[in-house]
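Please build the complete structure, drawing on both the sequences and the hints.
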Amino acid sequence: MTGRPLPGREPEAIEIALLGGIAVVLLILIVWIATASLALHLAPCDPASPKSQWPGAVTVSVALLFFGLGRLAAYWREPGDEPAQLIDETARKQRVLKAAIVQGAFTGFLLLTAVLLTYETLSLSNFDRFWPITLYVRCANEIAALPTVAAACVLSFLLGHWLWFPERRK
Amino acid sequence: VFTRIGLLLLGVVVLGSFMAIVLLDMWFEVKHWRPLGELVASWSRRYPLFSAGLALVFGAMLGHFFWP
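Residue numbers (this note's numbering), protein chains in the order written: chain A, 1 to 170; chain B, 1 to 68.
Keep in mind the hints are simulated off the structure, nothing from the lab.
Treat each hint with caution, since some may be false.
As the list claims (entries may be wrong) - Simulated crosslink set (SDA-like; lysine to any residue; CA at most 20 angstroms straight-line): (1) B:K31 with A:A91; (2) B:K31 with A:E12; (3) B:K31 with A:A74; (4) B:K31 with A:A99; (5) A:K98 with B:W67; (6) A:K98 with B:H32; (7) B:K31 with A:A17; (8) A:K51 with B:L62; (9) B:K31 with A:K51; (10) A:K93 with A:A105; (11) A:K51 with B:W67; (12) B:K31 with A:V96; (13) A:K51 with B:H32; (14) A:K93 with A:Q103; (15) A:K98 with B:M61; (16) A:K51 with B:S42; (17) B:K31 with A:A23; (18) A:K98 with B:E38; (19) A:K98 with B:K31; (20) B:K31 with A:L42; (21) B:K31 with A:I14; (22) A:K98 with B:V30; (23) A:K98 with B:W43; (24) B:K31 with A:R95; (25) B:K31 with A:R92; (26) B:K31 with A:L97; (27) A:K98 with A:I16; (28) A:K51 with B:G63.
Below, the structure written as structure tokens:
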């Protein structure tokens with residue numbers, strides 16, 4: 001809790017470099033999507049006949065592979081050095097703050113997922129007015145397969161890293 | 001109807017939310033706090049049905065988007 005590493009603990013440079021690298025890749029993808037989408041005026045593909053550059057099975061398999069790699073990468077992560085017992089009032093407040101941050105982030109993430117799934121459901125029933133997320137993703141996969149598959153792999157890696165985190169031995 | 005704002009929003013909101021969580025996890029690492037994944041793992045051990053549901057939604061979305 002105090003920010004001091006445990007005795008004999010390796011520096012967390014690898015973990016920070018890993019997460020920093022992923023953040024940079026995500027930032028590049030966001031900038032790419034922003035510039036590419038603002039340059040478009042008409043739908044660049046026909047939703048009635050999606051033409052994927054790669055077989056769907058390959059894309060899904062590669063994304064699942066990255067899901068597994070996310071778990072493997074989690075073995076690099078050292079457990080935190082928080083004390084099991086509450087030491088003092090400051091430590092207790094920090095712990096409460098951290099719990100609030102984690103719960104807020106997790107709740108926000110689940111809410112966002114629910115909102116996106118709701119939009120997807122509504123747009124599927126009102127196809128002519130709003131494109132569902134599916135069509136945007138398939139269209140992106142058609143006109144720019146590499147960045148789209150890269151985004152799918154990065155998100156799979158992160159989900160594997162967070163949702164399939166290895167259990168620590170006490 | 002295709003809108004470029006829709007594409008822009010989708011990319012920025014989805015990838016941006018993941019990026020925000022990555023930055024949060026980095027901050028935890030710098031502070032020597034338990035990694036986010038470890039906290040999520042504790043949650044999923046406590047609520048296995050919820051975490052299985054989340055994994056199911058993710059797998060279904062992946063197949064639905066890329067394997068029509």
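Now the hints, each set against the structure:
1. B:K31 with A:A91: Distance ~13 angstroms between K31 of chain B and A91 of chain A Cα, so the pair holds.
2. B:K31 with A:E12: holds, 10 angstroms
3. B:K31 with A:A74: Holds, at roughly 17 angstroms.
4. B:K31 with A:A99: holds, 14 angstroms
5. A:K98 with B:W67: Cα-Cα ~39 angstroms, so violated.
6. A:K98 with B:H32: holds, 12 angstroms
7. B:K31 with A:A17: holds, 15 angstroms
8. A:K51 with B:L62: holds, 17 angstroms
9. B:K31 with A:K51: It is violated: about 47 angstroms lies between the C-alpha atoms, which goes past 20 angstroms.
10. A:K93 with A:A105: Holds, because 18 angstroms separates the two Cα atoms, which is no more than 20 angstroms.
11. A:K51 with B:W67: holds, 11 angstroms
12. B:K31 with A:V96: holds, 15 angstroms
13. A:K51 with B:H32: violated, 47 angstroms
14. A:K93 with A:Q103: holds, 15 angstroms
15. A:K98 with B:M61: violated, 31 angstroms
16. A:K51 with B:S42: violated, 42 angstroms
17. B:K31 with A:A23: With Cα atoms ~18 angstroms apart, K31 of chain B and A23 of chain A stay inside 20 angstroms; holds.
18. A:K98 with B:E38: Cα-Cα ~14 angstroms, so holds.
19. A:K98 with B:K31: Given pair K98 of chain A, K31 of chain B holds - Cα atoms ~11 angstroms apart, limit 20 angstroms.
20. B:K31 with A:L42: Distance ~47 angstroms between K31 of chain B and L42 of chain A Cα, so the pair is violated.
21. B:K31 with A:I14: Given that 20 angstroms is the threshold and the Cα spacing comes to 15 angstroms, the pair holds.
22. A:K98 with B:V30: holds, 14 angstroms
23. A:K98 with B:W43: holds, 15 angstroms
24. B:K31 with A:R95: Since the Cα atoms of K31 of chain B and R95 of chain A sit roughly 12 angstroms apart, the hinted pair holds (cutoff 20 angstroms).
25. B:K31 with A:R92: With a Cα-Cα distance of about 15 angstroms, the restraint between K31 of chain B and R92 of chain A holds, given a limit of 20 angstroms.
26. B:K31 with A:L97: holds, 13 angstroms
27. A:K98 with A:I16: holds, 19 angstroms
28. A:K51 with B:G63: holds, 16 angstroms
Against the hints set out earlier in the document, violations occur for numbers 5, 9, 13, 15, 16 and 20.
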